[in-house]
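Kindly generate the complete structure, drawing on both the sequences and the hints.
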Amino acid sequence: MELYHGALDVKEIFNRWLEEENASNYGAYIPFVGTIRAEDNIEALSFDIYEPVLQSWFDSWVKKAESRGAKVKMAHAIGDVPVHTSSYISAVFSPKRRVALELIDEFVEDFKANAPIWKYDVIDGKRIYAEDRSTPMSGSGLLS
Amino acid sequence: MELYHGALDVKEIFNRWLEEENASNYGAYIPFVGTIRAEDNIEALSFDIYEPVLQSWFDSWVKKAESRGAKVKMAHAIGDVPVHTSSYISAVFSPKRRVALELIDEFVEDFKANAPIWKYDVIDGKRIYAEDRSTPMSGSGLLS
Amino acid sequence: MVKVEFLGPINQETLEIEAKTLADVANALQEIETVSSWLEKCAVAVNDEMTNDLNKVLNSGDRVSILPPVCGG
Amino acid sequence: MVKVEFLGPINQETLEIEAKTLADVANALQEIETVSSWLEKCAVAVNDEMTNDLNKVLNSGDRVSILPPVCGG
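Residue numbers (my numbering), protein chains in the order written: chain V, 1 to 144; chain S, 1001 to 1144; chain Y, 2001 to 2073; chain A, 3001 to 3073.
These are calculated hints, taken from the structure and not from any lab test.
Wrong hints could be hidden among the right ones.
Claimed, not checked - Restricting the straight-line Cα-Cα distance to at most 30 Å, the calculated cross-link-like pairs of lysine-lysine (DSS-like) are: (1) V/Lys-71 / S/Lys-1011; (2) S/Lys-1112 / V/Lys-11; (3) V/Lys-11 / S/Lys-1063; (4) Y/Lys-2041 / V/Lys-96; (5) V/Lys-64 / S/Lys-1126; (6) A/Lys-3041 / V/Lys-126; (7) V/Lys-112 / S/Lys-1011; (8) S/Lys-1011 / V/Lys-63; (9) S/Lys-1064 / Y/Lys-2041; (10) V/Lys-112 / S/Lys-1064; (11) Y/Lys-2041 / Y/Lys-2020; (12) V/Lys-96 / S/Lys-1071; (13) V/Lys-112 / A/Lys-3003; (14) Y/Lys-2041 / S/Lys-1063; (15) V/Lys-71 / S/Lys-1071; (16) V/Lys-96 / S/Lys-1011; (17) V/Lys-11 / S/Lys-1071; (18) S/Lys-1126 / V/Lys-96; (19) V/Lys-96 / S/Lys-1112; (20) V/Lys-63 / A/Lys-3041; (21) S/Lys-1063 / Y/Lys-2056; (22) V/Lys-64 / S/Lys-1011; (23) Y/Lys-2056 / S/Lys-1064; (24) V/Lys-71 / S/Lys-1112; (25) S/Lys-1096 / V/Lys-11.
Below, the structure is given as structure tokens:
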């Protein structure tokens, strides 16, 4: 798991991950690259991350992938990420195509629902919590 | 659609596709990279392609993707591709994550089933048709 | 005369045959030993367009392609 | 004493409170105006481990984290 301040260097990350698994004999490599769209007059998105829980979440996915013969990787930005640059890359490596296609879908969807990351629109230099696009993590409401 | 003699230059292709769509305002970019696994004593896989029908197949996917606001790209190797190098890259660009994840799955699976490409194991320099891993295209048996 | 070409692993040179429809092509190919066993698992294109219609009318100079089972990627 | 920290957009400094279980934390937080409206949609971690157990026993020095709705990517 890799965290960066500001936008990701997508090429460097993609290329390095490719090289890291060059000799691992995986048949399928599926990265997912998330890029900030220009919409609603935003200048950037901004992210807070709670790293200890993100690391546990990621570690559990490493084990889940291993049990299916696969490997997962991810990188995410902290702080401001301007429009048309990238905040998120995840990837699956697997011997088999079907496992890779299923895993990238599950991994990205669970990331959206349960990775402890908070998103803010940046408009006129102000940081506004993206409440309407945010999802309560599983187990929410315990203290209410 | 891009066809190459021999192994693909994965980094060049990934990076160039990223740049091509840099200003297109897509939020999700999902490439699928297919790499030749070392197994069953093969030295390489080798591919024949019938380009006119492959081009029609690909063009119909371009339209299908467009109707969902997305874009598809693909590259494939012709001839011999050594183990641990790549023969196939396809990619989906889409504004939305769900469309991208669904489309890459459908695109890759339909590619495996209906792209007019024939695969051979290369063992001791001989080219052996991979009959047991091959799938009759839809409409097969018309002349039998 | 139409041209019939055999793609990928089918070990058969291009043929020129008389045929008014794809059904005529089917009848001709079923008589050729090296080819007949492939037909069950082969798809067909006419002038590079895939077809499912055995009654498709052929014109002189048309190209019929025989496509055996595929495995790209 | 346990520490209660509020993550992401919740505008509340870390608190130190007396609590023997998470239920005690719940009772305390429900009394704080800036925090109570968040609780319904927040998940909870104790010492960085997510939990669903309101009866979870807390020891002095434990850290309780309050995690509001997320949106990575």
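Verification of the supplied hints:
{"no.": "1", "hint": "V/Lys-71 / S/Lys-1011", "verdict": "holds (20 Å)"}
{"no.": "2", "hint": "S/Lys-1112 / V/Lys-11", "verdict": "holds (27 Å)"}
{"no.": "3", "hint": "V/Lys-11 / S/Lys-1063", "verdict": "holds (28 Å)"}
{"no.": "4", "hint": "Y/Lys-2041 / V/Lys-96", "verdict": "holds (25 Å)"}
{"no.": "5", "hint": "V/Lys-64 / S/Lys-1126", "verdict": "violated (40 Å)"}
{"no.": "6", "hint": "A/Lys-3041 / V/Lys-126", "verdict": "holds (24 Å)"}
{"no.": "7", "hint": "V/Lys-112 / S/Lys-1011", "verdict": "holds (27 Å)"}
{"no.": "8", "hint": "S/Lys-1011 / V/Lys-63", "verdict": "holds (28 Å)"}
{"no.": "9", "hint": "S/Lys-1064 / Y/Lys-2041", "verdict": "holds (27 Å)"}
{"no.": "10", "hint": "V/Lys-112 / S/Lys-1064", "verdict": "holds (27 Å)"}
{"no.": "11", "hint": "Y/Lys-2041 / Y/Lys-2020", "verdict": "holds (23 Å)"}
{"no.": "12", "hint": "V/Lys-96 / S/Lys-1071", "verdict": "holds (25 Å)"}
{"no.": "13", "hint": "V/Lys-112 / A/Lys-3003", "verdict": "holds (28 Å)"}
{"no.": "14", "hint": "Y/Lys-2041 / S/Lys-1063", "verdict": "holds (28 Å)"}
{"no.": "15", "hint": "V/Lys-71 / S/Lys-1071", "verdict": "holds (27 Å)"}
{"no.": "16", "hint": "V/Lys-96 / S/Lys-1011", "verdict": "holds (21 Å)"}
{"no.": "17", "hint": "V/Lys-11 / S/Lys-1071", "verdict": "holds (20 Å)"}
{"no.": "18", "hint": "S/Lys-1126 / V/Lys-96", "verdict": "holds (25 Å)"}
{"no.": "19", "hint": "V/Lys-96 / S/Lys-1112", "verdict": "holds (13 Å)"}
{"no.": "20", "hint": "V/Lys-63 / A/Lys-3041", "verdict": "holds (28 Å)"}
{"no.": "21", "hint": "S/Lys-1063 / Y/Lys-2056", "verdict": "holds (26 Å)"}
{"no.": "22", "hint": "V/Lys-64 / S/Lys-1011", "verdict": "holds (28 Å)"}
{"no.": "23", "hint": "Y/Lys-2056 / S/Lys-1064", "verdict": "holds (27 Å)"}
{"no.": "24", "hint": "V/Lys-71 / S/Lys-1112", "verdict": "holds (23 Å)"}
{"no.": "25", "hint": "S/Lys-1096 / V/Lys-11", "verdict": "holds (21 Å)"}
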